[in-house]
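Listed here are the chains, written in short residue letters.
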Amino acid sequence: MHDHQLSAKNSFHSLVWPLWLAAGLTAISWNPLLNVLIIAQAVLVVITCHTESPVGRAFGLFVRWGAALVVLRTVLAGVPVGGISYGSTMLFTLPQLQLPIWLGGLHVGGTVTLEMILGGFVGGIRLWTLILIFGAFNAVADHYGLLRRTPRMLFHAGLATTIALTFVPQVILQLQAIRDAQRVRGHRFRSWRDGLPLIVPLLAGGPERSIQLAEAMDSRGYGRTAEPRGKLTIEIGLIFGAALLAIGLYLGLTGDRRGWIGAAAGAGLAITLMHRLAAGPPRSRYTREYWQRRDTLVALASVVLLLAMAALHWLRLGGLLYITQPRVSLPPFEPATGVLLLLLSVPALIQLVGLEGAHERQQRVQHSTVADRT
Amino acid sequence: MIRFEHVSYTYPQAGHPALQDLSLTIAEGDFVLVVGASGSGKSTFLRCVNGLVPHFYGGHFAGRVLVNGHDTRDHEPRQLAATVGFVFQDPEAQMVVEIVEDELAFGMENLGVPRPVMRRRVEEVLDQLEIAHLRRRRVTTLSGGERQRVAIAAVLAMQPRVLVLDEPTSQLDPHAAEEVLTALQKLNADLGLTIVLSEHRLERVVQYADQLIVFEGDAAAPPIITAGPPREMLRQSPLVPPLVELGQALGWEPLPLTLKEGRRYVLSHALDNPDISTPSVIAETVRGKGLGERLWPRRAEPRRELPLPVLAAEAVSVGRGGQNILRDVSVALYSGETVALMGRNGSGKTTLLRALNGLDPVAHGRVLRAGQNITAVPAEVRAQEIGYVPQDPRALLFHETVADELIWTLKQRASTHPSTAIEERVRQTLGLLGLEHLAKAHPRDLSGGEQQRVALAAILVAEPQILLLDEPTRGLDYRHKAHLTQLLRKLQRTGRAVMIVTHDVELVAATADRIVLLGSGQVVVSGPPRELLNDSLIFSSQIGKLFRHRAWLTVEEALRGMRDEG
Chain F
124 MHDHQLSAKN SFHSLVWPLW LAAGLTAISW NPLLNVLIIA QAVLVVITCH
174 TESPVGRAFG LFVRWGAALV VLRTVLAGVP VGGISYGSTM LFTLPQLQLP
224 IWLGGLHVGG TVTLEMILGG FVGGIRLWTL ILIFGAFNAV ADHYGLLRRT
274 PRMLFHAGLA TTIALTFVPQ VILQLQAIRD AQRVRGHRFR SWRDGLPLIV
324 PLLAGGPERS IQLAEAMDSR GYGRTAEPRG KLTIEIGLIF GAALLAIGLY
374 LGLTGDRRGW IGAAAGAGLA ITLMHRLAAG PPRSRYTREY WQRRDTLVAL
424 ASVVLLLAMA ALHWLRLGGL LYITQPRVSL PPFEPATGVL LLLLSVPALI
474 QLVGLEGAHE RQQRVQHSTV ADRT
Chain X
14 MIRFEHVSYT YPQAGHPALQ DLSLTIAEGD FVLVVGASGS GKSTFLRCVN
64 GLVPHFYGGH FAGRVLVNGH DTRDHEPRQL AATVGFVFQD PEAQMVVEIV
114 EDELAFGMEN LGVPRPVMRR RVEEVLDQLE IAHLRRRRVT TLSGGERQRV
164 AIAAVLAMQP RVLVLDEPTS QLDPHAAEEV LTALQKLNAD LGLTIVLSEH
214 RLERVVQYAD QLIVFEGDAA APPIITAGPP REMLRQSPLV PPLVELGQAL
264 GWEPLPLTLK EGRRYVLSHA LDNPDISTPS VIAETVRGKG LGERLWPRRA
314 EPRRELPLPV LAAEAVSVGR GGQNILRDVS VALYSGETVA LMGRNGSGKT
364 TLLRALNGLD PVAHGRVLRA GQNITAVPAE VRAQEIGYVP QDPRALLFHE
414 TVADELIWTL KQRASTHPST AIEERVRQTL GLLGLEHLAK AHPRDLSGGE
464 QQRVALAAIL VAEPQILLLD EPTRGLDYRH KAHLTQLLRK LQRTGRAVMI
514 VTHDVELVAA TADRIVLLGS GQVVVSGPPR ELLNDSLIFS SQIGKLFRHR
564 AWLTVEEALR GMRDEG
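Protein chains in written order, with the numbering used here: chain F, 124 to 497; chain X, 14 to 579.
Hints are computed from structural coordinates only; laboratory data are not their basis.
Predicted model only: the values in this text are computed from it and were never measured.
The C-beta atom is built at its ideal place from N, Cα and C for all residues, glycine as well.
Possibly wrong hints are sitting among the right ones.
Interface residues of chain X toward chain F, partial, derived using beta-carbon atoms under 10 Å [said to hold, decoys possible]:
1) Val100
2) Gln425
3) Gly508
Using the sequences and the accompanying hints, generate a full structural model.
As structure tokens, then:
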């Protein structure tokens, strides 16, 4: 029973979620109304599709930290620095203070306007949206499914990601164990100084565990490569490619169009050679993932949203901008953009409607097992 | 298969080499057992086999190690993965993927094993290690023993030609350990898999070993390493299982390594037969009147005059995540008594220990400390009276030196001691646990067994009346286990109450007054060791198995019993 719940909760193809993430990120604008709409949908998607993994359950943390950031950002933006205020709706005046020299010696305080506070708030909401889109991705994505698809040349990135992923739940468990052990030893927590007996074993234990995990992954062949012939030549080629890329970028950015061609060639060369270096016996996959109708729907929705939003950003249409100065106004709202954004909830809707769910998938996996054996 | 040629290795920033001029050969298909005191360099040696030393650790490496013709200096561990499988000591830290089944496939995926073969091998190892029921479980929800079996299965699935295991059974219950070791022995015998295994509890494996590599010394100097056939190696060794110890003491030649061999001597010397046994008499001559015997002599005797238990669980149930970990468990602990909590992996032993300490909230029932509900006892008082050493000693250690660790515990106490008294107390406690030479060492640099003892010292230094120990023999060699045994007896004599969660039958046989056997969250049976261990197939000590009709459980008891008979 327990198993079924595990997989039934989230049964999208592992490549669907990166697409959804890209769409969600493109959808973020400066318009707080649209951003709030995105947040609502991110929450909906998490509620309907989240995985049961310890990392997946961390969404609440993202919500809380994000909210704290909004408050902080609003307060900081509201306080004039260097005596400069903008906006025309004055609220009140703060006494001016001079910061100590080592903090820059700036004057802080002065007239606080509604526009400044609102500007900070709008920026905060935007940041919160960004955090929650990532948080939602984190809660719904199949990290290990994605890890397996990481190209071998990104070996170190994969290793680091795995360590980070197992790190978080382990730190939580570890913290629990340490707290219990110290409490029982007679430790009382009276002030922040008393955190030391918790922090030290935790900090010391973290790297120890990470090293052990890296050892274990290495010993089990993670990132295996075959030593290609002519390794030195490839490495020299790689340096050349990287140099070409750097020069090309510089020229391109300083206005020489030919630079972009050089950069592209350099990047292409570098990637090809890195691939050669990382070449080895092919990896195989234990579970076969099926691309289903539901996956197609989410992918389509995400791509449409991504392209449409990119176009709107480019053309400065769709009420994506909201400027709080010089005078406070209501943010614009274009219903068409709002409707477009609803595409983000497609995974949630599919999950709620229950379109071709996990059961079918499991049955198919079982069929394939039988087929493989015979 | 594996050849060490003049290998010397020094860890970065280490004062002296961990291995010095080591040359030895392990033939293909050998079952090699690596033994030695904790901290003597066994883990370093094992890490040389798959190239983790020097590739992972750096440091200074001289000589060479050849594995199946590959020089480990030119091959990284991941390139050797198809040849050498490695199971680490700490099962918590080697899980890569979340779900058991995927974890088993992880290594094979890296090797590029085709899917049908992978599926078949996953099924095989699931059965081999009896973990088929865990296949869809999340790794984080498994018990220590279950994880260890998953870790071994994950490496076995890669079908390496050499299997290196660093204390693979240290967290397993006796039955599970036997399962794992039998599986290894079968792989060794049937498939010719070369196995290199380090283990403290020789009694579990010595009969399978073709070669024994003995490490002598401690962290203070490079170890002296000798290798040879087990029987010869064990003749002089002080670190031996109970059966061999008995054989040594009685001068049995050739030295018996297995119970079957031992039983031949028992029969030829007429040391055991069904008519001989009068367990209670012998028990009393051996141990004096322990409280255990007084409490549980005959079931009919009224127990009205019993004192109040210092710690008791009354019909306690503990649930976690919708599952019942403990159901209706009642256990009492009296002062001057040692109770051993035993049972399969995942049967709720640790949870019971935590509940007794007030760490895990109790859903039903109550925990009483000297008749008072534990939740009503203030945390400081609780900490002063009950010492608790958790399974992972590292959770406790955070100071720069071992001595500081002990001083800190004392300073947490409400009463202030003069500093000379503290020093004296610390010195005594360190001496008690054989840690004097490590007083200035950094706790985190020590080996697993040493950390275990430091954690125990950090708790013992405060002299708690009640001691709760969670697997205290994990990672301890015979010598330190003998120390621990003596220590526990001493505590018993001074009226302390001790409860030990353990899989170590030998420790239980030597120290416990009473055993409480847990099974899936309930008390299956409870009684004195002599009653419980003697007729048990799994939970019995080597000596107990050797003399089935006697009430002897330890070498000490057997020798004394024989002497008394003349």
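Structure-based check of each hint:
For the restraint placing valine 100 of chain X at the interface with chain F, the shortest Cβ-Cβ distance is roughly 9 Å, inside the 10 Å limit, so the hint holds. Hint status for glutamine 425 of chain X relative to chain F: holds, with the closest Cβ pair at about 4 Å, below 10 Å. Interface restraint check for glycine 508 of chain X: the shortest CB-CB distance to chain F comes to about 21 Å, outside 10 Å, so the restraint is violated.
In this structure, only the earlier hint numbered 3 is contradicted, and the remaining ones agree with it.
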